[in-house]
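Engineer: Keeping the supplied structure of chain A fixed, place chain B upon it in accordance with the hints.
Number of protein chains: 2
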Amino acid sequence: MSLIVQKYGGTSVGSIERIEAVADKVAAFVRQGHQLVVVLSAMSGETNRLIGLANQITETPEPREMDVLVSTGEQVTIALLSMALMKRGLQARSYTGGQVRIVTDSAHMKARIEDINSDTLMSDISAGTVAVVAGFQGVDVEGNITTLGRGGSDTTAVAIAAALKADECQIYTDVDGVYTTDPRVVSKAQRLDRITFEEMLEMASLGSKVLQIRSVEFAGKYGVPLRVLSSFEDGPGTLISLEEDDNMEKPLISGIAFNRDEAKLTIRGVPDTPGVASRVLGPISEANIEVDVIIQNVSDDNTTDITFTVARGDMKKAAEILKKTAEELGAREVLTDPKIAKVSIVGVGMRSHAGVASTMFQSLAADNINIQMITTSEIKVSVVIDEKYVELAVRGLHTAFGLDAAE
Amino acid sequence: MSLIVQKYGGTSVGSIERIEAVADKVAAFVRQGHQLVVVLSAMSGETNRLIGLANQITETPEPREMDVLVSTGEQVTIALLSMALMKRGLQARSYTGGQVRIVTDSAHMKARIEDINSDTLMSDISAGTVAVVAGFQGVDVEGNITTLGRGGSDTTAVAIAAALKADECQIYTDVDGVYTTDPRVVSKAQRLDRITFEEMLEMASLGSKVLQIRSVEFAGKYGVPLRVLSSFEDGPGTLISLEEDDNMEKPLISGIAFNRDEAKLTIRGVPDTPGVASRVLGPISEANIEVDVIIQNVSDDNTTDITFTVARGDMKKAAEILKKTAEELGAREVLTDPKIAKVSIVGVGMRSHAGVASTMFQSLAADNINIQMITTSEIKVSVVIDEKYVELAVRGLHTAFGLDAAE
Chain A
1 MSLIVQKYGG TSVGSIERIE AVADKVAAFV RQGHQLVVVL SAMSGETNRL
51 IGLANQITET PEPREMDVLV STGEQVTIAL LSMALMKRGL QARSYTGGQV
101 RIVTDSAHMK ARIEDINSDT LMSDISAGTV AVVAGFQGVD VEGNITTLGR
151 GGSDTTAVAI AAALKADECQ IYTDVDGVYT TDPRVVSKAQ RLDRITFEEM
201 LEMASLGSKV LQIRSVEFAG KYGVPLRVLS SFEDGPGTLI SLEEDDNMEK
251 PLISGIAFNR DEAKLTIRGV PDTPGVASRV LGPISEANIE VDVIIQNVSD
301 DNTTDITFTV ARGDMKKAAE ILKKTAEELG AREVLTDPKI AKVSIVGVGM
351 RSHAGVASTM FQSLAADNIN IQMITTSEIK VSVVIDEKYV ELAVRGLHTA
401 FGLDAAE
Chain B
1 MSLIVQKYGG TSVGSIERIE AVADKVAAFV RQGHQLVVVL SAMSGETNRL
51 IGLANQITET PEPREMDVLV STGEQVTIAL LSMALMKRGL QARSYTGGQV
101 RIVTDSAHMK ARIEDINSDT LMSDISAGTV AVVAGFQGVD VEGNITTLGR
151 GGSDTTAVAI AAALKADECQ IYTDVDGVYT TDPRVVSKAQ RLDRITFEEM
201 LEMASLGSKV LQIRSVEFAG KYGVPLRVLS SFEDGPGTLI SLEEDDNMEK
251 PLISGIAFNR DEAKLTIRGV PDTPGVASRV LGPISEANIE VDVIIQNVSD
301 DNTTDITFTV ARGDMKKAAE ILKKTAEELG AREVLTDPKI AKVSIVGVGM
351 RSHAGVASTM FQSLAADNIN IQMITTSEIK VSVVIDEKYV ELAVRGLHTA
401 FGLDAAE
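Respectively, the protein sequence lines represent chains A and B. The first sequence: position 243 = 243 (the working numbering), numbered continuously. The second sequence: position 107 = 107 (the working numbering), numbered continuously.
The shape of chain A in the complex, shown without the other chains (with noise of 0.2 angstroms):
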């Protein structure tokens, strides 16, 4: 008998008829004998249609109020997923954020959780009745609606399960799991059984978008092992914990992630003196726009060159930011380029074997990519390259590193 906390996205509760196969899926673990936490987002499409009526009235509705209003679509789901397992003869309960108490700080949209009272939903499964929680929800101290922002339900689950030390939090999505890279992309791509927190950071912050990352960090932090599994077909999915897999067959790389929603800043000439790289990105984060990667070149006239990427929206505020910077430096000029893609090879293997990186830029250099720019982490080589080599540069590496499936 093992504590689960499982979580259904939109589109598993999109519609009733999905909702009874969730129903279906929580019942038939209970009959096997688990205690059960489910965690619902809203039915898809739900949250944008309220968005929608709030965009009616304003484009800049009161974060306070988008929260009391977003925070009814989960509100829906957990009272008839309640209802359709009560009919199947279950025990259940259905809270909302505010009744579990699950509390946030007040920064209304993208709030944080800071405490999650286990008392109830611990009485409820004690007593064999399965709880059933509304995600990206909470209330602040004052007891005001708050919302996680996107994709916060995952953080919930995570949340929950590590408040009740949970066996396992169980993210049940419409992938069966967490793939070597894009499917859709590398017809040859592999779901893989395990993985660690780590490379999952770094897999879902580089765009392979199967969970939120807050969950993943959260999940880390307190060691709740993760698995991301298809509400739609029965399979293993993906385990996500702290220990590598000791297979001793596994290969050096776990998965390839690209993501194509960056755009590269370059600032050239600027006088090389102490400071200067943040006297070019300063302004850019107090605008609050996040920065990926980040190169300065040495150069040998005492001037520098800065290059930068960020998200693809925002590169015409940030250049003209940049460009103001420029002027007030005497830089030379600013280049801009919405047309980049990165894509990184993630794998905790690479750590004690050198090599890796070189075998990348090998794989490249076989299909006439050209390099931009190149980053690395312990666990990470990325490479920054022109977008429409995407394609052709990730089924490459794909290859390289032995991912494929066999035929």
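Source of the hints: derived by calculation from the structure; they are not laboratory data. All values reported here derive from a predicted model rather than from experimental measurement. Treat each hint with caution, since some may be false.
You can't tell identical chains apart in this list, so a pair holds if it fits in one copy or across any two.
Derived DSBU-like pairs (lysine-lysine); straight-line CA-CA distance at most 30 angstroms [unchecked claim]:
hint: 1; residue 1: Lys317; residue 2: Lys87
hint: 2; residue 1: Lys110; residue 2: Lys87
hint: 3; residue 1: Lys316; residue 2: Lys87
hint: 4; residue 1: Lys388; residue 2: Lys87
hint: 5; residue 1: Lys165; residue 2: Lys323
Structural biologist: Relative to chain A, chain B alone:
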């Protein structure tokens, strides 16, 4: 400067355009210097949509979960109106029933308000903030979401007005006040400027469905002046208050109510022994069927006839129960008639005036309408007649009691 509680029903907030119109109305009151608490229903159709979702899962949804589900309807409108008010430069803040704290008993789907914490609302009002409260809902002492049953938003508004000692509780609806009778039946029906709580109770319970009856009882009990107005057009509406109109010209009768939604049952030839009425009617009320008019005739052969009316939808079930009782008591027969209507004249004026009933009977006789049952109370006289005569009867009585509007 007055403290006003305003309630807007489902059609008044049925679309974004209507919500914007309500915001305009509220803003105008605030700019006149009034302090406002606004109570809202769900957008028209939304509650039925939610119930429809539940009924796709089960015919008998669990009441606690039903309340979690349907309470989202008002939560959506309070957020949207608050946004619309802020767009107009007003301070506004939404509250669910649980956030206010409107404490009810635990009778889900038909809860009764036990207590309202007025602290939060009062501090908003003092700060010049419009408090926008979800009608129809509350929480029990354990924090479970409850609803007051259909029409409960009126009750929420009155209860808040009582708790805040508001100067007036205004119920905005799709009619511009309380009429002497249904204008669809009598074109010369007139809007009443004033009516007493007692009269309104008789009018409401008899089918003039302007206000939820429980809210009128509540207002009467706490002496909250209640005004019914149109949210679609300007006008004074109808004030419902403790005091009678002191206008000497006031007619004896305030209005004529009628109800086509009843059915008549008769048990004939029951042995006339003490307790026979309770033997007959006890099983009916045990089956949760509400009995309205009851008549027992004295008989001369030691048997008696008992006739009563129930809601038309309950007739079949009531007849089954009555037939069983008839067998047990050795009664002669059971008769049912779904095609009846109840017509009532209502007015506090009749207390001090004889002859009101006979004017009624004369009017009906002049139109050749046979009276099947008669009941009277201090401020009303009701007759049960064949349903097909209801319009004829109401028009005749409206003229006979001098209620017709001048040409």
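Engineer: Which numbered hints are broken by the structure, listed smallest first?
Structural biologist: 4, 5
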